[in-house]
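Student: Single-letter residue listing:
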Amino acid sequence: MTRLVLDEVVAIREGWRLAAQGTFDEGVHLISGDVGSGKSTLALLMAGLLPATSGSVKWEQCSSQMVSFQFPECHITGTTVREECESWGLDPSTILPSTGLSGKGDADPFCLSRGELKRLHLACVLARPYDLLILDEPFSSLDAREKLRTCNILSGRSRGITILFTHEQAILPHVGHIWEIRKGRLEYCGSPPEGLRNWQHAPPLIRKLIAEGKTPQNISPDALKEAACRT
Amino acid sequence: MIHIENLRYRLLAIDFLSLNTGVTSVIGPNGSGKTTLLKLCAGIALPESGSILIEGTTPRAMDIGWVNEFPDRNFIFGSVVDEVASALRFRHLPPGEITQRTSECRERFGLTRLSNRAVGDLSGGEKVIVALAAALVQHPAILILDECDSHLDSRCMQTSDQLIRESHIPYVIRSTQDMEAAAESDCVVFLEDGRVRHSGRPEQVFAGLCDTPFYPLSWRWR
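Residue numbers (our numbering), protein chains in the order written: chain A, 1452 to 1682; chain B, 8 to 229.
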């Protein structure tokens, strides 16, 4: 069983501090937090791309991992959309149709809209299984239809650890665990539905349902719909 | 009033569109032409044909605040303090006035603690707030925001919306993928394949989108 362990991890820089302690088992974990709270820093720590000031990050039985940065432009290495797919070891003819970019194989990736670039990047990331998949703001810039499609893919991941850092407020996948960064510390809210009541960064729609006594079973659109229609 | 007539630019083709004062949200699928329309309204790009007139004036003759969808593309200076002051310095305003206005602006946006940070070291959301402050410090007649809310959490968005409202800017045009936010706008324009499919009050526009994922989730159960 793949596992990620944060053992008294602390990151410090210029009057700013983030502390994180916790174990991430297989399943989908969502982490939220305010702007500047350290979500991207934590993603880098978890991926082993940034050393902790103190404490340690341990990866158990993790033979493959992938981190998707918040800014898709940071991942681009190909000079065309087709080359970008190939740089991931993927066949453009299978990737591009799913992104709606079939006619843009020869285009410069930097000439795509930001949403198109995100779609291309996510399609390349999600084309392979990973023991540990870290996604920093995966829904940013995606249109509503693509958010739904991406949520369905993430909800369907049957193995490995998936960690989502997001402030998306409406269209979210089915998740197993919710965490949030509060006052410089990573806190575990719990699993839905119980964990939703501890989630201070819960989207307004979920807070409203809880206040009405209709706590959803999870946070996916289908779960919210079921709760909202409950009598 | 903003009048757009017979506009043609790359994939964008708008025969007629008028926008009143207030907040207009431009929505639509990725690649539908939202950024292109916003760049034309900001005067960053010029129409191949047709016209955009804001109160009878072309965009390049107006004071326009602009925030790019790529946060790093907003910056030309290295530090937060220089970036926020840049628009005023380019106008050669007196140094004392620049110091006072940028200081007030940084305080309003909660950027004082970040003043001496390098913009490259900021988080995505912090970069957007700096870009927003730099756009608003000059009191523009129009503020154009290209999906900058995709980098902000809900509390930050509420604060930003409040600061924009308090700035009393006549026209705010923003593209967004947050349909809940779009539903709160004065006007919504839905673009698809470079064409305006729907425009008008949120109720009118979303009535035409009720069978799509673009319909606000909260409206489905009101």
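Do not rely on the hints blindly, as some may be mistaken.
[Claimed, not checked] Where chain B lies over chain A, by a calculated footprint (3+ residues, C-beta under 8 Å): (1) 1517-1527; (2) 1593-1603; (3) 1630-1640.
[Said to hold, decoys possible] Beyond 10 Å from chain B on every Cβ pair, some chain A residues (computed): (4) V1486; (5) P1502; (6) P1580; (7) S1606.
Think of the hints as simulated: they come from the structure by calculation, not from any bench. Each residue gets a CB set at the ideal place from its N, CA and C atoms; glycine is no exception.
Student: Give a verdict on every hint.
Tutor: Hints versus structure:
no.	hint	verdict
1	1517-1527	holds (count 3)
2	1593-1603	holds (count 7)
3	1630-1640	violated (count 0)
4	V1486	3 Å, violated
5	P1502	16 Å, holds
6	P1580	26 Å, holds
7	S1606	15 Å, holds
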